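Enquirer: Given next are the chains, with one letter for each unit.
Protein chains: 2
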Amino acid sequence: MIVEEKLSQAVGLLKEFHVDLWMTFVRESSSNPDPMLDLILGTGCTWPSAFVITSKGRKVALVGSLDVQNIKDHAGYEVKGYRDSIRQDLLDLLRKEDPEKIAVNFSRNDVMADGLSHGMYMILTDYLKETPYSGRLVSSEEIVAALRGRKTAAELERIKDAICETLEIFDKVTAFVRPGRTEKEVAGFIKDRLAEAGLEAAWDEVHCPAVFTGPESAGAHAGPTDRKIEPGHLMNIDFGVRKNDYVADLQRTWYFSRPGERRVPDEVMKGFLTIRDSIKEAAKVLRPGVEGWKVDDVARSFIVEAGFKDYDHGLGHQVGRKAHDGSGLLCPKWERYGQLPFLKVEQGQVYTLEPRLTVAGHGIATIEEIVVVTEDGCEFLSTPQEELIVIN
Amino acid sequence: MIVEEKLSQAVGLLKEFHVDLWMTFVRESSSNPDPMLDLILGTGCTWPSAFVITSKGRKVALVGSLDVQNIKDHAGYEVKGYRDSIRQDLLDLLRKEDPEKIAVNFSRNDVMADGLSHGMYMILTDYLKETPYSGRLVSSEEIVAALRGRKTAAELERIKDAICETLEIFDKVTAFVRPGRTEKEVAGFIKDRLAEAGLEAAWDEVHCPAVFTGPESAGAHAGPTDRKIEPGHLMNIDFGVRKNDYVADLQRTWYFSRPGERRVPDEVMKGFLTIRDSIKEAAKVLRPGVEGWKVDDVARSFIVEAGFKDYDHGLGHQVGRKAHDGSGLLCPKWERYGQLPFLKVEQGQVYTLEPRLTVAGHGIATIEEIVVVTEDGCEFLSTPQEELIVIN
Chain A
11 MIVEEKLSQA
21 VGLLKEFHVD
31 LWMTFVRESS
41 SNPDPMLDLI
51 LGTGCTWPSA
61 FVITSKGRKV
71 ALVGSLDVQN
81 IKDHAGYEVK
91 GYRDSIRQDL
101 LDLLRKEDPE
111 KIAVNFSRND
121 VMADGLSHGM
131 YMILTDYLKE
141 TPYSGRLVSS
151 EEIVAALRGR
161 KTAAELERIK
171 DAICETLEIF
181 DKVTAFVRPG
191 RTEKEVAGFI
201 KDRLAEAGLE
211 AAWDEVHCPA
221 VFTGPESAGA
231 HAGPTDRKIE
241 PGHLMNIDFG
251 VRKNDYVADL
261 QRTWYFSRPG
271 ERRVPDEVMK
281 GFLTIRDSIK
291 EAAKVLRPGV
301 EGWKVDDVAR
311 SFIVEAGFKD
321 YDHGLGHQVG
331 RKAHDGSGLL
341 CPKWERYGQL
351 PFLKVEQGQV
361 YTLEPRLTVA
371 GHGIATIEEI
381 VVVTEDGCEF
391 LSTPQEELIV
401 IN
Chain B
11 MIVEEKLSQA
21 VGLLKEFHVD
31 LWMTFVRESS
41 SNPDPMLDLI
51 LGTGCTWPSA
61 FVITSKGRKV
71 ALVGSLDVQN
81 IKDHAGYEVK
91 GYRDSIRQDL
101 LDLLRKEDPE
111 KIAVNFSRND
121 VMADGLSHGM
131 YMILTDYLKE
141 TPYSGRLVSS
151 EEIVAALRGR
161 KTAAELERIK
171 DAICETLEIF
181 DKVTAFVRPG
191 RTEKEVAGFI
201 KDRLAEAGLE
211 AAWDEVHCPA
221 VFTGPESAGA
231 HAGPTDRKIE
241 PGHLMNIDFG
251 VRKNDYVADL
261 QRTWYFSRPG
271 ERRVPDEVMK
281 GFLTIRDSIK
291 EAAKVLRPGV
301 EGWKVDDVAR
311 SFIVEAGFKD
321 YDHGLGHQVG
331 RKAHDGSGLL
341 CPKWERYGQL
351 PFLKVEQGQV
361 YTLEPRLTVA
371 GHGIATIEEI
381 VVVTEDGCEF
391 LSTPQEELIV
401 IN
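For the protein sequence lines, the chains are A and B, in the order given. Under this note's numbering, think of the first position of the first sequence as 11, with each following residue one higher. Under this note's numbering, think of the first position of the second sequence as 11, with each following residue one higher.
What you were told as hints is all true, and nothing was included just to trick you.
Just so you know, same-sequence chains aren't split out, so a pair can sit in one copy or run between any two.
Keeping only pairs whose Cα atoms sit at most 30 Å apart, straight-line, the calculated BS3-like set for lysine-lysine is:
{"#": "1", "residue 1": "K343", "residue 2": "K106"}
{"#": "2", "residue 1": "K111", "residue 2": "K139"}
{"#": "3", "residue 1": "K69", "residue 2": "K82"}
{"#": "4", "residue 1": "K194", "residue 2": "K82"}
{"#": "5", "residue 1": "K201", "residue 2": "K82"}
{"#": "6", "residue 1": "K238", "residue 2": "K90"}
{"#": "7", "residue 1": "K90", "residue 2": "K343"}
{"#": "8", "residue 1": "K319", "residue 2": "K82"}
{"#": "9", "residue 1": "K82", "residue 2": "K343"}
{"#": "10", "residue 1": "K82", "residue 2": "K238"}
Hints listed in this document are in silico derivations from the structure and should not be mistaken for laboratory results. Values in this document were obtained by computation on a predicted structure and should not be read as measured data.
Use the sequences and the hints to build the structure in full.
Expert: Set out below in structure tokens:
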């Protein structure tokens, strides 16, 4: 069971980072979840709850009395229920464990380590204000980054499985698309295949799949429109499935020939090959220890040197339970990314590689692959798109 | 469109509460959502984003450039996209509007007004530290409570519709249940009816529906088990559907006669009638202006005076887009509820009424109804369970 595997891993990480106790403090997780609950609990809670893991290996859940059974059913915590307030149980636990460092989930940089709401932070610091523990709170971002990032063998298998399902659907798309079909029709075809396979979309169905055809298309993160595929269009699709709680996130590019066109126009082929080869170049430098921005920079520079404008986003993000799985990013040093571009890549992380460029008059060329970081490099988990898919 | 209706309502609430500007500041909402986005946006965002509403009626969204189209597709904001950082656009907007009071989403009391993560709070206060605005941040809890609580006519229609679908499924359950069936089988039957109707569960499917039969059952918020219905059992189900983004949350109680039993045992009937009548008594005092704890106290005292133990939760919560829709609660003055029991009930709020008691040797009797607060009282939106459903 993955939750138990990750709980054991968490104990090891607390030792590695010299943190005595890590606390996830959350309430009404169905409305305001802490993003770590999926990995360390696998269900939700209603009243203020503390999920505490210690470097000595204790796992304690302090929860509202009516949540006790559900928590016990889901994960191996010592569970204690309260009726009136969590305050006393929480203070008793801290006094017993007497931690020097208490990691809680706040982070300027990593949304996955930032599940503690500001109101809950205020409540927690109120509880602690007469104790020695108020000054011992630290960000859990290192722990969270490592726990989400370093995939176990079971997690890798699930991601591979989601990739496989996604690529199968892309193959079916190739047989379906032709000039005259709209973006919405293509998206609808993909959704039907998802339903057929009993799978869910990897992210918000409004733009999963995202389908963009031609030079006037809306660009990333928008939903499909009634725009029709026309001869001469580049079409790209951004899509992934969720299977057994793990996701894929992949992109492929198609070209629709004009009547009588004997070969793909040079600028289209150049755009496609530039994207394809920028991924290969970036993969060559992706290895443990490299800072994420350097990997981004390799692909970005390759595209700019080929004469195209660079892309308005990062080269890649981590993938796991979420399509955007948080922490270390392969991205430029833009302020919106905080400190993430400076984090060092680690073995066991799974990244997308997804540069993008525009071919004037035709549309957008993108490819998104998924790789796992190995001991001394990286390995493609997706079968890379080597050739532009041309529909005659 | 409900989002536009709620955005207009929000402008009126800013005037009512003398707040110049309300800002929802959020990133990666698919992993760490602000619970207000469903009402004021209807979609998500990726990079740090600010959704700003002013008392003068401006609605401005500052978002990452790749999110611009999707935001425009969903709600009537002036949308401005950035590439590197939101900081400058945010400061420019504040300087232009020059608000005396800036409401942001943090709250000790109300999870629905507590969507600002502590990390995002730190980022925001960093941005503001050289400006006059850092001292002008206030909690949005009054605005959020009124915006979620005061339902529009369109919202009420949707809730009624969800109630209607839920009660229809309960009727089908009555024809299905009999001794020998397990809790899981009953839950499976309900899930099949949901799928048939193309509807979703109102909350986490692990315990929606929740099915409890007999004296040994697990209690609220646990999932169904392999426990079999036996003659002499009280069975209760907690369940609701989500339809058009709005939910119902209802409970009903069944009794399974013992062989040869000519009438329901006195203690069972007394338990059922006590629950039924405690709801009627509480409804009599539920009206605008009353503090929530007083309504809870009426039902709780009624049950205790009848000789039963009181319930370990509040009498009722608000219902809307979420089964637990936040803010004002009909609950006792326990610390876990913060200031919520002291909030005054308002016209247009929709509450559950859901007391519970245990009949020794038989199981749990619960009924959960849904009412809307009117000008001078309240009105049942669900057709109340008047009779114990007896299965012979």
